[in-house]
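Residue numbers (the numbering used here), protein chains in the order written: chain A, 33 to 377; chain B, 51 to 369.
Keep in mind that the hints were calculated from the coordinates and are not lab data. There's no promise every hint is true.
Below are the BS3-like pairs computed for lysine-lysine, each with C-alpha atoms no more than 25 Å apart in a straight line [what the hints assert, rightly or not]:
#, chain 1, residue 1, chain 2, residue 2
1, A, 262, A, 247
2, A, 262, B, 358
3, A, 180, B, 358
4, A, 180, A, 262
Example chain A residues on the side facing chain B (calculated, C-beta under 8 Å, incomplete) [what the hints assert, rightly or not]:
#, residue
5, 77
6, 198
7, 199
8, 252
9, 324
10, 357
11, 371
12, 374
Restraint-style ranges between C-beta atoms, simulated for each label pair [what the hints assert, rightly or not]:
#, chain 1, residue 1, chain 2, residue 2, range
13, A, 222, B, 188, 56 to 64 Å
14, A, 368, B, 299, 25 to 33 Å
15, B, 278, A, 349, 45 to 53 Å
All residues carry an ideal CB built from backbone N, CA and C; glycine is no exception.
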Amino acid sequence: MALKLPTETLHTEPRLGETAQQMTAAPRAAPATTVRKWRHLAMQREVIVLLAMVLFNLFFTPHFWSLQTFNVNMTQVVTIVIVGIGMTLVVATGGIDLSVGASMAISGALAPMLFLNIAGPAGITLAFVLPVLAAALCGVFNGLLVTKLSVQPIVATLVLFIAGRGIAQVVTDGSLQAFNTPAFQWIALGKVAGVPFQVLLMLALVAVFVWVVRKTLFGQYLLITGGNEKAAYLCGVPTATVKLIAYTLCAALAGLAGLISISVNSSSDANVVGLGVELDAIAAVAVGGTALTGGKAYIGGTLIGALIIQLLRYTLLAHGIPDAAALVVKAGIIVAAVYVQRRSR
Amino acid sequence: MKKNLPILLALAALVVFGLVRYEHFGSAYNITSFWRYNSMFALISVGMAFVIITGGIDLSVGTVAALASVVAALTSVYGGWVAVLAGCAAGLAVGVLNGLIITRLKILPFIVTLATSLGAHGVALLLGKNDAVSISAESNFGNFGQGDLFGLPIPGIVAVLAALAGWLALRSTRFGRHSLAIGGSEEAARLMGLNVDRTLVMAYAVSGLLASMAGVILAAQFGAGQPNEGVGWELFAISAVVLGGTLLTGGEGSIGMTIAGVLLLGLVFNLLNFENGLGFISLSAYWQSVIRGVFLLLVIVLQARVLKQRGKKRVAAPA
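Put together the whole structure using the sequences plus the hints.
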């Protein structure tokens, strides 16, 4: 029974979630098909907001329609989106990961040590592989705390949030590592047909994880686990493994974002790499329509959420409104976006 | 009580270690400066404890403190007390706003306070024009952070009074008991006829008020309002509350143990300074965060074990 049920639960699960929500929140469309339609519409709304902002800029912001503006805006969101993908997975399980900035700092601190000390392609390869593995290890640590010890995700990831950046600082002695290694920095500075490679990498990762969430068994398990963990466990879903994988993927993606971040800056400073990225990523996830209560994962929404926040900031800056005021507007956008989602779902 | 044992033992061990190893650890100077500096963290942690007890979280305390420090510095030309009141009013306003958005719009506290945290930071930067704001040299406002009363540091007295008030409020006022009930089960509290919304707004207001008091002390202590200070304070406060054995799910918690958590985190820094002063080894300040993280890890692992045992007993008892 345990082995056969999971695929069946896929279809019954939405109803499980509904009954739970019906008790607490407003009535919701009952048949699964309407739910899917609503979800579709909800996704479209975020796209419409984004398109409206693009249109506004086309008319009112000079020089908006240029490859350079596109590249500037896209490169600004790359790290947030890559971290946001992982965050979406963790949030889908009903958790949260505050330690992504620390994972970025650790991987960003390790990479230059490798490619500056080991010459040739071997050093470059190691500099790509080992830091991401180290970051993934942070994720395994988080995942084990959450699953084996049943520590609440905020508390569990708080440990590495506090200690992780310290580890990166201790390893580098808090000093800045400057470098000029085109072979390594290609990940951020390289261009394919005029578009930065990092942007293509980000889009590819979004595509891959949209597929993972929608089409793979892991993706289905992920949503069920977040929707109703107890029920999922009783149906034979390996909830602990699913969560462990989610935290590991999240940290590994953060590690990759750390590599991109140091490549952009041609230097690695453990004090700065990934500072505050957890809040940006969570904001992107929330604006993108993934409920922090778990059970949903809109990877594409996270991309759009990050773009909305970035484009808003760009628009305000382009019209001479200071960055500080943009922060206040960003706050309003986050609350408004989540409020609108609450009402319609 | 058993749950609190690990942290109390750790605290005692650190104090004994400090007393034995360092000559000046127990000196009046060290104690008062430790007290003065950590009073800010004690204040935000007490506020955070109230919010967490109701089952919520307040990520805005750090930037609220920054905002209050800027407001206090700007208004210090009108006199010390005006600055204190203006700073506190700013924090209270953000706290009430948090509470109202959470209760009226029914959005998760995590998201709401994340947003107001960004907003408060933005307002602080706008008011301070992206820079630190010096406090007025003529006013007596600096005393609020640097002064003494009966030989005791004024910020320390404020923190102790706030902690006592918080302890009393949680124990024996309607607000405190309602907070605990709401954290235990919001639905049940509502069905019992408690005014859940009002209590929640009050909890976030208390948190905002105490955070702004920390910000006012910050401005008075360092002679300037700091719009970029306070980043990460919310997580310091959360770890202090967690170290104190309060579960983030709400429904239980203790102000006294939260203060113990603050003391533990503060002692790590204090001891590290002394160790470096001895000159045998030179641990950089970066070790501070690593050691704090390790302490947090140890305490939550121990708590997890205690909770597991407690769970087993509970299952075993009816049988």
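For each hint, the structure was consulted:
no., hint, verdict
1, 262/A with 247/A, "holds (23 Å)"
2, 262/A with 358/B, "holds (18 Å)"
3, 180/A with 358/B, "holds (11 Å)"
4, 180/A with 262/A, "holds (15 Å)"
5, 77, "violated (17 Å)"
6, 198, "holds (3 Å)"
7, 199, "holds (6 Å)"
8, 252, "violated (25 Å)"
9, 324, "holds (5 Å)"
10, 357, "holds (6 Å)"
11, 371, "holds (5 Å)"
12, 374, "holds (6 Å)"
13, 222/A with 188/B: 56 to 64 Å, "holds (59 Å)"
14, 368/A with 299/B: 25 to 33 Å, "holds (28 Å)"
15, 278/B with 349/A: 45 to 53 Å, "violated (19 Å)"
In this structure, the earlier hints numbered 5, 8 and 15 are contradicted, and the remaining ones agree with it.
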